[in-house]
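Visitor: Each chain, letter by letter, is given below.
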Amino acid sequence: MKLKKSIAISENGFVFNPEIGTSFTTNSLGVAVLKQLKNLTTKEEIRASILKSYEVDGVTCEKDLDDFLRMLDQYNLIED
Amino acid sequence: MKKKKDITIAVTGLNAIDSPGPGISVIRGLKDSKEFNVRIIGLVYEILEPGIYMDGMVDKVYQIPYPSTGFDVMLERFKYIQKNDKIDVIIPNFDAELMAFIKLKPYFKEMGINLLIPNKEQFDDRLKGNLNDYGDKHGIKVPKSESVHSIKELEDEIEEFDFPVVIKGKFYDAYIAHSIEQAKEYFHKIAAKWGTPIILQQFIKGNEFNVTAIGDGKGIMVGAVPMRKTFITDKGKAWAGISIDDSKLIDMANNIITKSKWPGGMELELMKEDKTGDLYLLEINPRFPAWVYLAVGCGQNHPEMLVKMAMGETVEPIKTYDIGKMFIRYSYDMICDLEKYANLSIHGEV
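Each protein sequence line maps, in turn, to chains X and A. The first sequence lines up with residues 2 to 81 when you count with our numbering. The second sequence lines up with residues 17 to 366 when you count with our numbering.
Take the hints with a grain of salt, since some may be wrong.
[Stated by the list, open to error] Some chain X residues well away from chain A (every beta-carbon gap over 12 Å; in silico):
1) K3
2) A33
3) L52
4) E56
[As the list claims (entries may be wrong)] Straight-line C-alpha distance at most 27 Å; calculated DSSO-like pairs for lysine-lysine:
5) A:K341 to X:K5
6) A:K221 to A:K245
7) A:K264 to X:K5
8) X:K6 to X:K64
9) A:K245 to A:K335
10) A:K160 to A:K221
11) A:K264 to X:K6
12) A:K277 to A:K157
13) A:K335 to X:K6
14) A:K341 to X:K36
15) A:K341 to X:K3
16) A:K76 to A:K121
17) X:K39 to A:K264
18) X:K5 to A:K221
19) A:K119 to A:K275
20) X:K39 to A:K341
21) A:K341 to X:K6
22) A:K221 to A:K153
23) A:K136 to A:K209
24) A:K245 to X:K6
25) X:K39 to A:K288
26) X:K53 to X:K39
27) A:K200 to A:K221
28) X:K3 to A:K288
29) A:K157 to A:K221
30) A:K47 to A:K20
FYI, nobody ran anything at the bench for these hints, they're computed from the structure. It should be emphasised that the depicted structure is a prediction, and the values quoted were computed from it without experimental measurement. Quick reminder that beta carbons are idealized off the backbone N, C-alpha and C, glycines included.
Take these sequences, add in the hints, and give me the full structure.
Guide: Below, the structure written as structure tokens:
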């Protein structure tokens, strides 16, 4: 899974897709995940980094991460 | 620093209303020109077009007759205007007036007025009712469309479509009909305002994009900026928009301008289908859009380019523009003295 190269992410959580002009806001964890996706980090590596930095159990982390990634796909931010 | 060249430019479309004409955007682009020191002549059909009363927009205003009053009446009016104010270039900004300006063009040339507008064939080719043929001719996907002149024709033709169907006027207005009853209602509504034919067009579910583009008339696209509407009024007009980075939209504009050898400004209305990602051409408007000042804000001054080309200069194509630049319209109550209104009412000029 890879974030589209053109997607712009600002530190304050503003995400802009210049291909279709849509924008979104996300929190600091969302920014961290997006940046990792941009650097071609795998889903497993992202999950591991969240588990290391946040107090969250593995199942919840997996579910929330899957939801977030699905949402990114729906919003056309992911490329194959 | 190079001295700016003095030039007088006449502009129509000062109706900066909720469905705005492009005049004010065009004037703002011209006033931003680094090459021209412009004197602007506003040409208005109605004396309450807001652009007349906006500060710093027009230096002189003339009321002109509607094209429906006839060619001779228009020509006489322009002869009078040209005698008073030597116009170098006219930029017409309404679809509905363009045929009259095409007919007037040779007479304008004799008067020393320059235009960069399509010829009759180019104008007719992109008419909404001819869009299917246009798509075939240029290898462009177009939603299925049919022109109808009566309710009987509508009833017959609409059977070939799946609902929803877009019901469109020949120049302006479009409604989405979900049933035959709605389609008939919209037929009457649009026909009463703009006449027939009415165009039935297959509805495409997806995101709408627009491109403002300009051609040199010899097959070169000298500028293009694509935009997505981010706030749409109940009339379907963009109240806000953002410039985007999509090479497919630019390629589509380039394809059309190159193949049709389009002279002057145009706006493409395009739909990217959700299901397939395919790009459909919905309309070609034969003039700048009301949001053309966004192109200026993005680094491409299309009105300035048009003036240069109309004056016979060669313009180098600009292929870059700022991405993620937004425009947002606003409404504003101007307080105006009666004098200007009164003078325009009595003398037809101010």
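Visitor: If a hint holds in the structure, say so; if it doesn't, say that too.
Guide: Comparing the hints with the structure gives:
For X:K3, the requirement that its beta carbon stay farther than 12 Å from each beta carbon of chain A is met, with the minimum near 18 Å. The beta carbon of X:A33 sits about 23 Å from the closest Cβ of chain A, which is more than 12 Å, so the claim that it is off the interface holds. A cut-off of 12 Å between C-beta atoms confirms that X:L52 is not in contact with chain A; the least separation is 35 Å. With a closest Cβ-Cβ approach of about 37 Å to chain A, X:E56 is found to remain outside the 12 Å limit, as its non-interface label requires.
Taking the CA atoms of A:K341 and X:K5, the gap is near 20 Å; set against the 27 Å cutoff, the hint holds. Restraint check for A:K221 and A:K245: satisfied, since their Cα atoms lie roughly 15 Å apart, inside the 27 Å limit. A C-alpha spacing of about 16 Å is found between A:K264 and X:K5, which places the hinted pair at or below 27 Å, so the restraint holds. Of the supplied pair hints, the one linking X:K6 and X:K64 holds, its CA atoms being roughly 25 Å apart against a limit of 27 Å.
For the hint pairing A:K245 with A:K335, the CA-to-CA distance comes to about 22 Å; that is within 27 Å, so the pair holds. About 14 Å separates the Cα atoms of A:K160 and A:K221, which keeps this hinted pair within 27 Å; it holds. With a C-alpha separation of about 17 Å, the suggested pairing of A:K264 with X:K6 holds against the 27 Å cut-off. For the hint pairing A:K277 with A:K157, the CA-to-CA distance comes to about 19 Å; that is within 27 Å, so the pair holds.
For a cut-off of 27 Å, the pair hint linking A:K335 to X:K6 stands: about 21 Å separates their Cα positions. The suggested pairing of A:K341 with X:K36 holds, with an alpha-carbon distance near 23 Å, which does not exceed 27 Å. Restraint check for A:K341 and X:K3: the C-alpha separation of about 26 Å stays at or below 27 Å, so the hint holds. Note on A:K76 and A:K121: the hinted pairing holds, with a Cα-Cα distance of about 22 Å set against a maximum of 27 Å.
Pair hint X:K39 plus A:K264 holds up; C-alpha atoms about 23 Å apart against a cutoff of 27 Å. Annotation: proposed proximity of X:K5 to A:K221 holds, straight-line Cα distance about 24 Å (limit 27 Å). Between A:K119 and A:K275 the alpha-carbon distance is near 23 Å, which keeps this suggested pair within the 27 Å criterion. For the hint linking X:K39 to A:K341, the alpha-carbon distance of about 23 Å falls within 27 Å, and the restraint holds.
For the given pair, A:K341 sits about 19 Å from X:K6 by alpha-carbon distance, which is consistent with the 27 Å threshold. As the CA atoms of A:K221 and A:K153 are separated by approximately 24 Å, the hinted pair is consistent with the 27 Å bound. The suggested pairing of A:K136 with A:K209 holds, with an alpha-carbon distance near 24 Å, which does not exceed 27 Å. In summary, the hint linking A:K245 to X:K6 is supported, as the alpha carbons are separated by about 23 Å, within the 27 Å threshold.
A C-alpha spacing of about 26 Å is found between X:K39 and A:K288, which places the hinted pair at or below 27 Å, so the restraint holds. Under the criterion of a C-alpha separation no larger than 27 Å, the hint pairing X:K53 with X:K39 is consistent with the structure, at around 20 Å. With a C-alpha separation of about 22 Å, the suggested pair A:K200 and A:K221 falls inside the 27 Å cut-off, and the hint holds. Note on X:K3 and A:K288: the hinted pairing holds, with a Cα-Cα distance of about 23 Å set against a maximum of 27 Å.
Straight-line distance between C-alpha atoms of A:K157 and A:K221 comes to about 14 Å, which keeps the hinted pair within the 27 Å bound. A threshold of 27 Å between alpha carbons decides the hint, and for A:K47 with A:K20 the separation of about 11 Å falls inside it, so the pair holds.
Comparing the model with each earlier hint shows no violations; every hint is respected.
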